[in-house]
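K.L.:
Protein chains in written order, with UniProt numbering: chain A, 1 to 558; chain B, 1 to 113.
Treat the hints with care, since some could be wrong.
Below, computed lysine-lysine pairings styled on DSBU-like, alpha-carbon distance capped at 35 Å [unchecked claim]: (1) A:Lys152 / B:Lys18; (2) A:Lys25 / A:Lys401; (3) A:Lys290 / B:Lys18.
Pairwise CB distance ranges, derived in the manner of DEER restraints [as the list claims (entries may be wrong)]: (4) A:Trp121 / B:Glu75: 34 to 42 Å; (5) B:Glu75 / A:Gly155: 40 to 48 Å; (6) B:Ser108 / A:Arg400: 40 to 48 Å; (7) A:Ala101 / B:Pro109: 29 to 37 Å; (8) A:Lys152 / B:Gly91: 18 to 26 Å; (9) B:Asp71 / A:Ser448: 49 to 57 Å; (10) B:Ser106 / A:Gly315: 24 to 32 Å; (11) B:Pro109 / A:Ala89: 23 to 31 Å; (12) B:Glu75 / A:Pro17: 39 to 47 Å; (13) B:Glu75 / A:Glu78: 45 to 53 Å; (14) B:Asp72 / A:Gly263: 53 to 61 Å; (15) A:Lys152 / B:Ala84: 21 to 29 Å; (16) B:Ser106 / A:Ala89: 19 to 27 Å; (17) B:Ser106 / A:Glu426: 16 to 24 Å.
Chain A is faced by these chain B residues, among others (derived, beta-carbon under 7 Å) [as the list claims (entries may be wrong)]: (18) Cys10; (19) Pro21; (20) Ser39; (21) Gly77; (22) Ile95; (23) Asp99; (24) Ser100; (25) Ile107.
Hints were generated in silico from the structure; no laboratory data involved. Idealized CB from N, CA, C, for every residue including glycine.
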Amino acid sequence: MSEVGRVNGQRSPSSEPIRADDPIKFDTDVLVLGGGPAGAWAAYGAASRGARVTLVDKGYLGSSGATAPGGNNVLYVEPDQKLRDEAVASRMAQGGYLSEARWIHRILDNVYEQLKLVEQWGYPFPKDEYGNSQRSHLQGPEYMKLMRNVVKKAGVRILDQSPALELLVDSHGVGGARGVSRLEGLPWEIRASAVVIATGGCAFLAGGLGCNVLTGEGLLMAAELGAELSGMEFARHYAPSAGGGTVTRGRTLGWGTFSREDGTVVDRRGDPDALARALLDGPVYAVLDKADTPEKRRILRGAHAIFFLPLDRAGFDPFTQRFPVTLRYEGTVRGVGGIRITGDDCSTTIPGLYAAGDAASRQLVTGASSGGGAFNAAWALSSGGWSGEAAAQYALSLGRKPHERTLQAAGRAGVQSASTGSASIETAAVIKAVQSEVFPLEINYFRSVPVLEQSLRRLNALWPAVNGAPGTSADELLRSREAAAMVQTARWSHTAALARTETRGMHTFAEYPDTDPRQQRRLTTAGVETIRVRPEGLAPASAHPEPHPISWRKAVAA
Amino acid sequence: MIELVSVSRCIECNLCVKVCPTHVFDEVEGAAPVIARQSDCQTCFICEAYCPVDALYVAPFADRSVPVSEDDLEESGALGGWRATIGWGPGRTPIAKTDSTPLLESISPRRRG
Ligand SMILES: Cc1cc2nc3c(=O)[nH]c(=O)nc-3n(C[C@H](O)[C@H](O)[C@H](O)COP(=O)(O)OP(=O)(O)OC[C@H]3O[C@@H](n4cnc5c(N)ncnc54)[C@H](O)[C@@H]3O)c2cc1C
Ligand code: SF4
Ligand code: SF4
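For reference, chain A alone in the conformation it holds in the complex (with noise of 0.2 Å):
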């Protein structure tokens, strides 16, 4: 009984060329790309600090990336200093050292405080039996809809179904965005004196839960200002998603057992590979059998209601029948990398240009392990809440308005060709062709140095295929950015996972097996054509010039 097709009266102006003589044209003090969590707190913030605020989703404020459809555990530690320093403590091991205490204080500190406002705002935490909140699980869908009320009520303008393609610069730095507006067909320009970046991370359309609108367009837009990324070298998380769905919060499968096809035991124990192992011979099958009691099922249910969805309506009684499960591949969501963050404030090297969420690198807190579970969540409230308050600052104490600048549209790959009269980008094949290339955990997972390398190439050089001519509907700009985002977010962390010769935290090498206290440092990847990697805290990344047509540092030689 699916509607599928098209009957009278159909508007689709995403799929009809982009009226590109009629934009939606404006000006704001802060403009705030991504409206998750961190895109969120960012409006907020900056709004609070009595800046005009205009944030752009390229789905919907409220409904859109990683944590609206699920939810998220949340790091909240009361503020005992022997719990935080534990907490710390023991982050600091499990990341390998690459992150930093006084980060993670910071972030504790932080959220203790923002989720007690949290519930101010009406999220109704449960209690317990003394009347105490519970405040360290976030329903999405109850979380993301108050967000999209307190955003509206500071006042700031929102945007939906408008994805940036492109920033703005000039000399100066950051001067704005453009996109394109799916329910209207039109073009958007905003300029703005400060631009946040929170767009999420890269999960290179693998069917995550939420995670399809996460596609990179956030790190190649800052890279093509010359920005920095960091930690691109652990994007190397799959979770488990079961019954052919697409959910992908995995902590109910700890109640499961896991078996081959013939019925033989997946032994987990202490193995954290065993799964994926088990994957490269054939089916994997789990059964929720160590929730034994009804007590014990509804608590699941109640907790983790989404993971139960699609195996009820797939039929599956998942206590005591088998379900298949598959890994399906993060990208940067749960995998660490992201734009280089260069301040307390969440700024980068680019002036008015900040980071926050997934978009940034999350190793400040994470080190080199997943920060899904709990500091994923923390740092994007926390970093969202701190970039919009200091671009709002930055924006309000600069003296020149953003309609007196000269700017220029940055965007390359996927948005403009890179000759006149060039072909088509075959946005469908692109898309296919990277995903074989990050996917599969013979390359991505079990990674040896030969294999990735061969990789690599092929990314390579499929990097001249997305600087083609992009389509001209709101739809068709949007992919081939999309795919050129994608193909440019592979290519620096294949390159970042190569010049990590070693084992450490979610990166692994089948000829470096052990951790090399040598390289316990991060490492920044940067550039669009040409891919630079370098210990952070060496050379500044402005000693190679980038090869690029518009960077930042470019209009500023200019």
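Given chain A's structure and the hints, the job is docking chain B with the ligands onto it.
P.N.:
Frame of chain A, contents of chain B with the ligands only:
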């Protein structure tokens, strides 16, 4: 994937067109929205949560479309099932308020005893 817009239930508020993160629906003048880009559906169930009259159904499978029957879905309680579970809609208690996540540790299979 999204499989159904129930024309008989839909009140044409077009909220699903706005909230769907991957822009699957198109508005239709004077009628219910249509599923215009089904293969872009990311099976996130969020449209069901937002639809005020339980007119949408998202089948659980990420990578394939399956035929569904509105009558069967109605009978089994699947239509509107997710909205009821998360406690959205008049007179309901949001699941956030009864969230049992804090109790998970107490039933962890890793705990001895
Ligand atoms: C299933 C799942 C469960 C998780 N559970 C936990 C957990 O328990 N604890 C934890 O700490 N972390 C968890 N995480 C991670 C956590 O959800 C993310 O770290 C968090 O959502 C990041 O917030 P964000 O705002 O940076 O990005 P997102 O929430 O992903 O939001 C990004 C937003 O940017 C928008 N966007 C993307 N591209 C553009 C563009 N070009 N223009 C405009 N807008 C754009 C998207 O539409 C989206 O709204 C989980 C992740 C997943 C996938
Ligand atoms: S949200 Fe529901 S009622 Fe509103 S247009 Fe969509 S299907 Fe119809
Ligand atoms: S399930 Fe999610 S992606 Fe699919 S139509 Fe509904 S809101 Fe859109």
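K.L.:
List, from low to high, the hint numbers that the structure doesn't satisfy.
P.N.:
Result: hints 3, 6, 14, 17, 18, 20 and 21 break, sorted rising.
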